Amino acid sequence: MSAPAKSSRSSGAGRKLGRELGFLLLCLGALAFIFPFYYMVVGALQPEPDTGISGAFPNPGELSLANFQNINERVPLLRALFNSAVYTGGVLLGTLTIGILAGYALSQLRWRGRTLVLNVVILTLIVPFQLLMIPLYVMIVRGWGLGDSYLGMILPFLVNSTAVFVFRQFFMQIPSDMLDAARVDGAGELRILTRIVLPLSKPAILTAALITFIGPWNEFLWPFLVTKDSALQPLAVALANYISTVAASTANPFGAILAGAVVLAIPAVGLFILFQRHFVESEASVSLKE
Amino acid sequence: MGAPRANRSRVPALLRGRRSAAQVAGYLFILPYLVFLGLFIAYPLAFAVWMSFYDYFFAAPGANVERPFIGLENYRNLLLQDETFRTTLGNILVFIAVNVPLTVALAIVLATALNANVPGRAFFRTSYYVPYVTASVAVIAVWGYLFFSGGLVNRILGDLAPEPSWLINKTWAMIVIALLVTWKQLGYYVLLYLAALQNVPRQLYEAAEVDGAGILGKFWHITVPGLRPATVLVVILSTIIGANLFTEPYLLTNGGGPQDQTLSPVLYMYRQGIVQADAGYGAAIGVTLSLAVLAIAAVQRYLLERER
Numbered sequence: 003m004s005a006p007a008k009s010s011r012s013s014g015a016g017r018k019l020g021r022e023l024g025f026l027l028l029c030l031g032a033l034a035f036i037f038p039f040y041y042m043v044v045g046a047l048q049p050e051p052d053t054g055i056s057g058a059f060p061n062p063g064e065l066s067l068a069n070f071q072n073i074n075e076r077v078p079l080l081r082a083l084f085n086s087a088v089y090t091g092g093v094l095l096g097t098l099t100i101g102i103l104a105g106y107a108l109s110q111l112r113w114r115g116r117t118l119v120l121n122v123v124i125l126t127l128i129v130p131f132q133l134l135m136i137p138l139y140v141m142i143v144r145g146w147g148l149g150d151s152y153l154g155m156i157l158p159f160l161v162n163s164t165a166v167f168v169f170r171q172f173f174m175q176i177p178s179d180m181l182d183a184a185r186v187d188g189a190g191e192l193r194i195l196t197r198i199v200l201p202l203s204k205p206a207i208l209t210a211a212l213i214t215f216i217g218p219w220n221e222f223l224w225p226f227l228v229t230k231d232s233a234l235q236p237l238a239v240a241l242a243n244y245i246s247t248v249a250a251s252t253a254n255p256f257g258a259i260l261a262g263a264v265v266l267a268i269p270a271v272g273l274f275i276l277f278q279r280h281f282v283e284s285e286a287s288v289s290l291k292e
Numbered sequence: 018m019g020a021p022r023a024n025r026s027r028v029p030a031l032l033r034g035r036r037s038a039a040q041v042a043g044y045l046f047i048l049p050y051l052v053f054l055g056l057f058i059a060y061p062l063a064f065a066v067w068m069s070f071y072d073y074f075f076a077a078p079g080a081n082v083e084r085p086f087i088g089l090e091n092y093r094n095l096l097l098q099d100e101t102f103r104t105t106l107g108n109i110l111v112f113i114a115v116n117v118p119l120t121v122a123l124a125i126v127l128a129t130a131l132n133a134n135v136p137g138r139a140f141f142r143t144s145y146y147v148p149y150v151t152a153s154v155a156v157i158a159v160w161g162y163l164f165f166s167g168g169l170v171n172r173i174l175g176d177l178a179p180e181p182s183w184l185i186n187k188t189w190a191m192i193v194i195a196l197l198v199t200w201k202q203l204g205y206y207v208l209l210y211l212a213a214l215q216n217v218p219r220q221l222y223e224a225a226e227v228d229g230a231g232i233l234g235k236f237w238h239i240t241v242p243g244l245r246p247a248t249v250l251v252v253i254l255s256t257i258i259g260a261n262l263f264t265e266p267y268l269l270t271n272g273g274g275p276q277d278q279t280l281s282p283v284l285y286m287y288r289q290g291i292v293q294a295d296a297g298y299g300a301a302i303g304v305t306l307s308l309a310v311l312a313i314a315a316v317q318r319y320l321l322e323r324e325r
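So the protein sequences, as listed, match chains A and B.
Position in the first sequence (from 1) plus 2 gives the number in my numbering.
Position in the second sequence (from 1) plus 17 gives the number in my numbering.
Bound conformation, chain A alone (with noise of 0.2 Å):
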C-alpha cells in the first residue's frame, strides 16, 4: 500500500496528510460507536441516574448493581433468558438442519429443477416482512392457535435463504471426486453428508449458528405478536414492554432499563467479539454476490 509513495513526489505529504486525517475520522467514528456502549453500562452501574458530563465518568466506588435487582424483580432475567434461549436455540437447530440439507443439494447433488429452486431461494431474500406480517400473524396465532408457544416464535424464522447460502458456497468447494469415490464405496448420501461433508465443514457451520444466532435472539416484533403471555416471553420483549409502560413506577427506571439492556446485549456482542472474522467475512460476501 505505501511502496508506490516513491513514483509520486508530489503528492506525498498530501497523502500524508489524508491518512493522518483518515485517521483522525476513523477515531471519531469509533468514539461514536462505542461511546453509546460504555455510557449504557455505566448508568446501569449508577444507583442514581447522573446525566451531567461528570456522570458519564463516576466514581468507581460509588457503582453498585443495584439496578440489575431492580430489572430482576419487575423482569425476571433468568425466565426470560431461558426463553430467549430457548427460542433462539430453537431457531438454530431448525435452520441448521434445513440449511445444512439444502446447501448440499444445491451444491453437490444433482438433479431436475436445481438451478430453478437456486432462483427462488435468493427472491426469497427479497420479499419484505412486512407483506408477511398480517397473514402469518392470522395464520399462525389465529388459525394455528400458537400464540404464547415457542413454537409459534419459531416457526416463521426456520426459512434462513442467507443460511443456506453460506452452505452451498462452503459445500461447492468440495471436490466432488472425493464424494464420487466414497459413492463407489456404496455409501449413501446421508452417509455423505454425515461423515464426510459436515466434518470439513465446521468453519461454515460455526459462521451459519453465529449469523442465526443474533437474528432471533435479537428479534422483537415477531415474538412479540406472538407473545402476551410474560412468562414465556424473550428478554428484548420482556424489555421493551418494561420500557413501554415503565413510566413512574421505579425510583430509577433509566437505570433498571439500561441494566436490562446490558444483560440484553452481552451476549451477542460477547459471541461477535469472540467470532468476528466468522460473522465479518460471511455478511459481506454473501450480499456482494447476489
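Everything labelled a hint here was simulated from the structure, so no lab data went into it.
Predicted, not measured: the structure shown is a model, and the values here were computed from it.
Among the clues, some could well be false.
[As the list claims (entries may be wrong)] What follows is a list of derived Cβ distance ranges for each label pair:
hint, chain 1, residue 1, chain 2, residue 2, range
1, B, F74, A, E64, 38 to 44 Å
2, A, P177, B, P242, 38 to 44 Å
3, B, A63, A, S232, 30 to 36 Å
4, A, S232, B, L106, 54 to 60 Å
[Said to hold, decoys possible] Here are some chain B residues the structure puts well away from chain A; computed CB gaps all over 10 Å:
hint, residue
5, A260
6, N261
7, R318
[As the list claims (entries may be wrong)] Partial pick of chain B residues on the chain A-facing surface, computed with a CB cut under 7 Å:
hint, residue
8, A39
9, G43
10, I47
11, Y50
12, P61
13, P85
14, F86
15, L89
16, Y92
17, S144
18, T151
19, V154
20, T264
21, G299
Cβ atoms here follow ideal geometry from the backbone N, Cα and C, with glycine treated the same way.
Please build the complex by placing chain B on the supplied structure of chain A, with the hints as guidance.
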C-alpha cells in the same frame, strides 16, 4: 455452476446407476426447505394479497364471522381517504431522506479511511460493527437515556437544546430515529464498501497521481465512481430497512408520537391489522407498502446505474 466437473464418459458404470439415487436424494434434501418456504413465505404472500380484497376481521377463536369480498375497497380507503396512512408515508420519506444519504456518505468515507494502511484497523472494524449485532431494544434504551429531556445530550447543549426536547419534538423526533438507525446499521455498510474497495483497480489511483490528482480528487473521481455498484446495493438495502421501521418509533417515541410524526407504515399496519383486528386492511397496507418500496428501489437503481 459448481456441478461436478469430472468427464462424464469416464464416470464408472456403478456410479452412473447411482446418479438416479442422487436425483432422489436431491429432492429429499431440498424438501424440508421447500416445505417451510411454501408454508411461511409463499402461502402468506398469496394470503396477504387475497385477504386485502376482503373485509377480513378476526374474531375470538370459535366465533364465526362473515368476511365478505369487497374488491378494491381497502385500497380505495387507504389511498384516497386515510390521512394517517399518508402521514406515515411522509414520515418514512423524512426518515429515508436523512438516513440513506448519511449512510452512503459516512460508510464510503469510513471504509476509504479504513482501507488505508492505518494502525488499529481491526479495532476500528470491530467497534463499527458492534451496534449492528446488538438488539434494537438495547440500543433504543441507551438512545432514550441520551436524548430524553434531562439527558446527556441536552445537558451538553444547554440553551441550544431544542424545545420541546428531541423525542417529543415534531420536527426532531423522526430525525433522531433516522440517526439512530444510521448509527446502528452503518458498520454493516462500511464492511460492504470495504469489500467493494478491493475491486477498484489500484492502477487507476496511480494513473491519477501521475496526472497530479490530490487526495480529494482521487476520492471523488476514482473511489466514489468505482464503488457505484456497491452504492446501488447500499441505497436499496437501507431503503428497504427504513420502510420496515417499527421498533424504534414503538419504543423510543411512545408508539409513533409526537402527534403521529414518527408513526411508520409498519407500526400503522400493526395498529390497524392486529390491534384493531382489521387484517384485510392491514394486508392492504402491507401490499401497498411493498409495491411502493419495489418501485422506489427500481427508480434508485435506474438513476444510479444510468450514468455508467
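- Ascending list of hint numbers which this structure does not respect: 1, 4, 5, 6, 13, 14, 15 and 16
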